[in-house]
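Undergrad: Residue strings, one per chain:
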Amino acid sequence: MAILVDKNTRLLVQGITGREGEFHSLQMIEYGTQVVAGVTPGKGGGQACDGQVPVFDTVAEAVAETGANASVVYVPARFAADAILEATDAGIQLIVCITEGIPTQDMVLVRAYLDQKEARLVGPNCPGLLSPGQAKVGIMPGHIATTGSVGVVSRSGTLTYEVVYALTARGIGQTTCVGIGGDPIIGTTFIDVLSLFEDDPLTEQVVLIGEIGGSDEERAARFIAERMSKPVTAFVAGRTAPPGKRMGHAGAIIQGGTGTAEEKIAAFEAVGVRVAEHPEQIADLVAQG
Amino acid sequence: MKLHEYQSKRLFAVHGVPIPRGDVATTAQGAGRIAEEMRGPVVVKSQVLVGGRGKAGGIRLAQTPAEAVEMAEAILSLEIKGLPVRKVLVDEAADIQTEIYLGIVVDRANRRAVMMASSEGGVEIEEVARTKPDAIKKVSIDPFLGLRGYQTLGLAKGIGLTEEHTRAFGRIAQGLYKAFQAYDASLAEINPLVVTGDGKLLAVDGKMVIDDNGLFRHPDLAEMRDVDEETPTEQQAREAGLSYVQLEGEIGCMVNGAGLAMATMDIIKHFGGAPANFLDIGGGAKAERVATALRLILEDPNVRAVLFNVFGGITRCDEVAKGILTAFEEVKPTVPLVARLVGTNEAEGRELLNQSEYRLVTATTLAEAAQKAVAAARGELSA
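Sequences listed follow chains A and B, in order. Okay, so the first sequence: first residue is 1 according to the working numbering, each after it adds one. Okay, so the second sequence: first residue is 1001 according to the working numbering, each after it adds one.
Just so you know, the hints here were simulated from the structure itself, not pulled from any lab data. Small disclaimer: the values here were computed from a predicted structure and weren't measured. Do not rely on the hints blindly, as some may be mistaken.
Derived DSBU-like pairs: lysine-lysine, alpha-carbon spacing no greater than 30 Å straight-line [to be verified]:
#1 A/Lys43 to B/Lys1286
#2 B/Lys1286 to B/Lys1055
#3 A/Lys245 to B/Lys1137
#4 A/Lys245 to B/Lys1269
#5 B/Lys1286 to B/Lys1269
#6 B/Lys1137 to B/Lys1157
#7 B/Lys1286 to A/Lys245
#8 B/Lys1132 to B/Lys1178
#9 B/Lys1200 to B/Lys1322
#10 B/Lys1178 to B/Lys1138
#11 A/Lys245 to B/Lys1138
#12 B/Lys1138 to A/Lys117
#13 A/Lys245 to B/Lys1002
#14 A/Lys245 to B/Lys1132
#15 B/Lys1137 to B/Lys1178
#16 B/Lys1055 to B/Lys1132
Go ahead and model the full structure; you've got the sequences and the hints to work with.
TA: Put into structure tokens, the structure is as follows:
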């Protein structure tokens, strides 16, 4: 078992003929993901990924022809909001948006629209999902992960790889690795993913990787205290970040004295979540059970 | 991107928010001419992108044009929190009876814009939130419905405005929300919004922060960027597509990914060092961008050692190594260098670095890399 994506996922790639889209589609296929369709307006009727994937003009056509049930979005930032809405209206249930740099006000509208629908959005500005041995959706390097019983959820990209790599090196495998993204407005939060891991019978422990900015970690800590029976190990990046400066991610900024690493770490420790001092120490803590 | 007070107020005015008469000058004489046109007392205000201008002597009242010249001269020679004052705004002085606060931000928890009003105007809203949280009234704005009349009325009553001012307040609130939306702002603020002696509402000070991700829709605003807000290094980094923040430590860091870059800074601190910068070379960085990044790091005189931490995914370790070697051709590093390259094409990357005339210290784990960088910065480690 895994959460969100597995070997039955029928994936559609929006922006499949772009440089990033095609490169990562090939990697996803190589990993064993069922990539059933691609969408690029104006390129319908063609093929992508060395003739392995049919391309359609619209998501609705792709869904009707191929039965795709999940989508991954690689289209440029200025068109990404439209791509997410199109997938939503075509009945796609899981939309994973990799695109970085979508204007926040576009995401306010997208999120408000999605709140009225069934579809789940992961991201934007995220590395996607990886269920080891089953499917990878997005850009995580597949070889760093291995099957096992730890669920990983993170706001970061390469920091997630670092942690997953350290877990794998210690012989600790994962059920699913979920990158929720570093933007201020995202589709799926820590709490949503924690809840899925709590309900997943194969997930025995959870690793949560947070960073400065916002209060999602604090809300996650409350959720863990109230609802989670499985042990959680956390790491929060940005202890040394100065206030008022944006640390790369649009969401990673300490503003008005809130969103600091200290507050987040204190919130986790207060509810019995173990907090690692540095990324590789996460594996040590998880190994303790 | 932050906008200056005068830029923000002009954009608010486009959407119907009343602002004082005034203009901007870069010289004391220019300020005097504006003061003459105003025919009365004026306020001379430094235009720098930091808070606390008043306390620093950057905002002063002048009764006559001659006084305005004198004050502009003094203000234009100031440096406020490290930023030189290059412009002053000369506004007609308002007859202030009461000061209120009105602002809009994107509320992450709520995932929508929230409008805040407070009877405690003229004070930073964060300060009010700490000391008198009950004084702040908020309404959440549904993006499909917009800001509704009942909401602005509720805010007006909530902060104790009397009947005669509620309509004007409502119009200003609508104008502020329109400006917020029209310019892809992440913050739009009027502080203070004042009630004048003749019973009018006037936006005496304004502030707007534009979402950098939305700037492609506003090329006119992008041109307004004040490069003084950034250090020259930060400016070069932004132009090269790098995310760079200068810090005060002695270990330069070059990392791919924002989260990993922060974690790298943290682990340096954990092992007793201090990071000289935050630097994210971004995903899929090519050799040229890496070279720019290394040049920027080595230009910082505080840097005693450099740590490269690259976890290859989209980014290829051999591309990073090429960039490092390119930079070495121009900037001869005189400090020890510690490299940890893991992931996509790591073997090729290490091979390239081994060919360099500069000996790099290598490390396998992040902890090992950080410990070596800390030791190297103290001169306790040689390649």
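Undergrad: Compare the structure with each hint and give your call.
TA: Verification of the hints:
no.: 1; hint: A/Lys43 to B/Lys1286; result: 29 Å, holds
no.: 2; hint: B/Lys1286 to B/Lys1055; result: 46 Å, violated
no.: 3; hint: A/Lys245 to B/Lys1137; result: 27 Å, holds
no.: 4; hint: A/Lys245 to B/Lys1269; result: 18 Å, holds
no.: 5; hint: B/Lys1286 to B/Lys1269; result: 29 Å, holds
no.: 6; hint: B/Lys1137 to B/Lys1157; result: 10 Å, holds
no.: 7; hint: B/Lys1286 to A/Lys245; result: 26 Å, holds
no.: 8; hint: B/Lys1132 to B/Lys1178; result: 28 Å, holds
no.: 9; hint: B/Lys1200 to B/Lys1322; result: 64 Å, violated
no.: 10; hint: B/Lys1178 to B/Lys1138; result: 17 Å, holds
no.: 11; hint: A/Lys245 to B/Lys1138; result: 26 Å, holds
no.: 12; hint: B/Lys1138 to A/Lys117; result: 27 Å, holds
no.: 13; hint: A/Lys245 to B/Lys1002; result: 12 Å, holds
no.: 14; hint: A/Lys245 to B/Lys1132; result: 26 Å, holds
no.: 15; hint: B/Lys1137 to B/Lys1178; result: 20 Å, holds
no.: 16; hint: B/Lys1055 to B/Lys1132; result: 22 Å, holds
Consistency note: the structure conflicts with the earlier hints numbered 2, 9.
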